[in-house]
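Asks: Here is how the chains run, residue by residue.
There are 2 protein chains.
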Amino acid sequence: MGKLFHKGVSKVLCCTMVIVIGCFTKSFASESETSYDFKNGNAVIEVAVPALLPVILSDVSSTAGDATLILRMSTLMSNAWFDASAPYHPTAVGVYSRLGRRPLSESETNTNINIAILYASYRVLSSLLPQRTPVWRKMLTDIGLDPDDDSVDLATPVGIGNAAGLGVVRGRARDGMNQLGDESERAFNPMPYMDYTNYRPINSAYRLFDPSRWQPDLQRKGMGLYKIQQFVTPQYALTEPYSYQAPQRFNMPPPYASNHWNYPAYKQQADEVLAASADLNDERKLKAELFDNKIESLGFSALSTAISRGLSLQETIELDFLISMAAHDAGIVIWQEKRRYDAVRPFSAIRYLYGDEWVSAWGGPGRGTIRLPANQWKSYLEEADHPEYPSASTCFCAAHAQAARRYLGTDVLNWEFSKAAGSSHVEPGITPAEDTILRFDTWTDFVSDCGQSRVWAGVHFQAAVDVSTQMCDVFGDMAHEYLSSLIDGSAPVRRPAKGKRYK
Amino acid sequence: MGKLFHKGVSKVLCCTMVIVIGCFTKSFASESETSYDFKNGNAVIEVAVPALLPVILSDVSSTAGDATLILRMSTLMSNAWFDASAPYHPTAVGVYSRLGRRPLSESETNTNINIAILYASYRVLSSLLPQRTPVWRKMLTDIGLDPDDDSVDLATPVGIGNAAGLGVVRGRARDGMNQLGDESERAFNPMPYMDYTNYRPINSAYRLFDPSRWQPDLQRKGMGLYKIQQFVTPQYALTEPYSYQAPQRFNMPPPYASNHWNYPAYKQQADEVLAASADLNDERKLKAELFDNKIESLGFSALSTAISRGLSLQETIELDFLISMAAHDAGIVIWQEKRRYDAVRPFSAIRYLYGDEWVSAWGGPGRGTIRLPANQWKSYLEEADHPEYPSASTCFCAAHAQAARRYLGTDVLNWEFSKAAGSSHVEPGITPAEDTILRFDTWTDFVSDCGQSRVWAGVHFQAAVDVSTQMCDVFGDMAHEYLSSLIDGSAPVRRPAKGKRYK
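Quick mapping for you: the protein sequence lines, in order, are chains A and B. Last residue of the first sequence? That's 503 in the UniProt record's numbering, and every number before it is there in order. Last residue of the second sequence? That's 503 in the UniProt record's numbering, and every number before it is there in order.
No lab work stands behind these hints: they were computed from the structure. One should not assume that every hint holds.
The list makes no distinction among identical chains, and a pair is therefore deemed to hold if it is satisfied within one copy or across any two copies.
Unchecked claim - In silico lysine-lysine, BS3-like type, Cα no more than 27 Å apart, as pairs:
1. Lys138 x Lys39
2. Lys221 x Lys138
3. Lys221 x Lys378
Put together the whole structure using the sequences plus the hints.
Replies: So this is what it looks like as structure tokens:
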């Protein structure tokens with residue numbers, strides 16, 4: 001049985017990856033033809049995630065690299081799954097709802113939990129991306145569920161799912177992220193997730209006034225449009241964490257070498273980035289792309305672990321909520337520190353230091369390592385829309401890994417991620433030269449490569465990676481402690497989250 | 001015969017519209033099952049345009065509103081079709097190639113012209129959007145043509161098509177638009193279509209230093225990313241026109257009312273925009289959306305005319321190249337004037353004038369006309385990435401209409417464009433309340449609504465519309481004169497285009 005389950009879910013995960021690369025029309029069509037196996041299925045992996053992924057790529061982040069938005073979605077979704085499945089657990093309680101307890105006979109198969117988590121998903125998704133409501137409705141109707149069933153009868157899985165989903169929606173609507181877009185006393189034409197903290201960059205895309213500080217980059221979007229970056233959701237720093245109270249406790253030391261008055265250190269860390277760029281190879285390029293993509297790196301490593309260890313549906317939900325929450329809560333501190341230090345990215349520092357002097361580095365897609373003027377150098381990946389220090393990706397990986405270690409009781413990971421020849425997004429048709437399997441034996445390896453890949457990619461200095469590697473395990477620990485208190489039922493009742501300014 | 005042709009092509013045009021709204025996978029699949037009717041088909045409408053449209057929406061402009069890039073694609077494509085079909089015409093010569101003349105027997109059916117224009121399309125598309133080469137290859141292989149056939153044997157349609165396409169590619173590669181991305185002595189990491197003229201906005205997205213001048217807007221992209229506008233292709237002003245020599249001849253008067261020192265006029269034109277916003281109705285909203293979409297308004301009005309008048313394949317090509325060239329060449333002068341005056345958009349002027357004072361206007365999707373603080377007002381459409389004056393859309397429509405009038409010998413248009421209830425992109429599910437047919441009896445009506453729709457949409461002042469309405473017919477006339485000289489064979493041989501700075 002365990003083996004069959006493993007096989008079936010593997011197929012779906014593979015299908016999920018196919019969806020990611022685009023041919024989701026067919027996939028949905030074939031789903032609607034079959035009736036869903038509620039009894040043995042895992043609707044997280046087989047229904048909810050496949051419905052969500054294409055919309056994340058089309059509406060949220062085309063590279064799956066905009067972590068603050070993606071983590072919000074994955075955390076609220078998995079929170080809703082957890083809360084919806086809690087009544088079917090012997091002791092667990094929800095984060096944002098207390099829905100009673102169902103007789104154990106109702107969780108002998110996956111049927112009730114699957115139904116509950118799908119209704120919970122529907123409520124959360126309709127709140128997070130209301131313009132895609134037709135997609136969320138289809139997610140239910142394709143497998144015979146009725147999206148218009150808004151029962152909150154807690155004796156039924158539909159009612160439990162709806163109540164759990166609505167609880168999360170209410171619980172997080174005003175958590176500080178400005179999901180409703182009406183902060184700053186904005187009553188008309190809401191601007192969801194818009195900064196309401198009045199962040200202003202010191203530098204402009206056209207001029208570097210202060211070489212220590214962040215400079216928005218001018219980035220190409222498609223064939224010929226160029227857009228200037230805006231710090232994405234600076235208010236994430238004010239958002240209420242799940243697993244601890246005060247982000248202020250977690251200060252990180254200032255980025256000494258990013259201060260251009262410390263010239264030798266400033267130059268040295270920039271030179272390290274150029275050296276890493278010159279030293280790129282296929283494996284490093286692929287790892288850079290993998291860890292930039294939060295769905296593939298964070299999402300698939302967790303789902304794949306759930307599958308390979310044969311986790312039950314409830315365990316899959318617990319693990320997924322745990323690792324999402326760990327990264328989500330880690331991000332709050334990271335954004336606090338990013339805003340505090342507002343640190344320069346490598347591209348600005350390298351232009352400032354070297355101008356049109358020639359340097360050795362990666363020379364652009366398909367060009368390999370060459371000599372080129374420093375101000376024509378590009379990092380292998382585009383920088384995300386936020387200041388450099390500390391590295392968010394590294395911190396997410398560290399928190400995620402530590403959470404997984406705590407839950408699974410081991411550092412062993414044994415995750416393989418395969419990339420076909422030429423499947424790189426940066427160097428399509430060229431990289432990798434041969435079919436390649438990226439292998440991560442342990443979570444420690446995963447974190448190490450995740451962090452280092454940000455330097456290889458040219459978007460971070462070493463210090464930003466090191467500080468996140470050293471300081472972010474704690475978010476995995478705290479998330480695990482909070483999850484444990486939810487599972488054993490000792491977690492206190494929780495009021496709807498409030499952004500810091502509202503306290 | 002004429003009637004059958006009409007019917008068949010109508011079906012394809014309808015299919016094209018279906019493609020625009022997304023389900024292109026199926027459509028391509030069904031095409032590949034049938035063998036293509038080269039003899040009677042019209043490969044412009046049935047093959048090339050359907051292959052191109054989805055890529056324009058995914059890679060070039062998601063709203064089909066970024067005119068400078070779209071016009072470049074449509075003009076170079078139709079130029080290639082014209083040059084590829086010229087040898088099959090009794091007298092015509094190509095713009096960028098002189099490929100001899102084929103016996104009339106070779107153009108008794110559409111077969112040779114269809115083959116020639118598809119190879120020409122393939123060469124141009126592979127140059128304009130090389131990253132989509134697999135799509136362009138599939139366009140050929142789906143109907144049994146071999147993309148690897150790079151013959152330039154001018155006794156064959158394949159050779160003629162390849163030679164014509166390559167001629168256009170060479171002819172326009174350095175026309176000033178920076179397609180290769182290597183202007184400003186940029187030898188590495190090319191930035192295609194990047195400004196190389198050093199345009200810098202006076203205002204920032206955060207602060208209006210000069211209320212007369214253009215302010216880049218901060219716009220939401222998807223769920224929660226915000227990006228700051230960058231003036232799109234300011235170098236369009238330096239690009240070589242097809243149909244005249246010196247853009248400097250076509251100066252437009254300064255936008256008096258956009259100068260905030262002329263306060264009463266400045267206030268009055270802003271008040272007019274607010275009044276138009278308050279006066280929106282379903283018809284105006286739909287027209288605003290129609291004319292913002294350059295594929296639907298410019299492209300479909302021309303193709304639909306070709307179909308309804310039963311134009312032959314060669315006539316369809318002539319008309320399409322003519323109207324594309326007219327708008328393309330008009331845009332060069334418009335960009336020259338936009339850059340010269342760098343004029344403020346309504347959103348900035350209205351915020352400057354009224355701050356948080358309450359005004360009456362459209363209140364956002366589904367809100368109708370309400371009272372709201374001026375600095376929370378939004379225009380019905382997002383502004384495109386360029387200064388306000390003069391109106392580019394109006395000038396494109398005027399040049400397009402005049403070109404069509406000259407070619408067809410009449411102002412009569414009789415074009416209907418139907419929109420299903422709730423099909424608005426701005427107010428989906430709400431607007432229009434009922435299925436609606438937008439009807440344009442004459443090209444004069446078309447231009448009038450096109451221009452006025454920019455004020456209804458809140459993105460232009462009246463003066464910018466009026467000046468374009470008055471001054472842009474000439475671009476239709478000049479394009480028609482140049483086309484006539486190409487058709488009768490009197491046009492001089494032309495060297496590859498050069499941007500102005502290279503002269």
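Asks: Each hint: holds or not?
Replies: Hints versus structure:
no.	hint	verdict
1	Lys138 x Lys39	within (20 Å within a copy, 43 Å between copies)
2	Lys221 x Lys138	between (31 Å within a copy, 25 Å between copies)
3	Lys221 x Lys378	both (15 Å within a copy, 24 Å between copies)
In the structure shown, no violation is registered for any of the earlier numbered hints.
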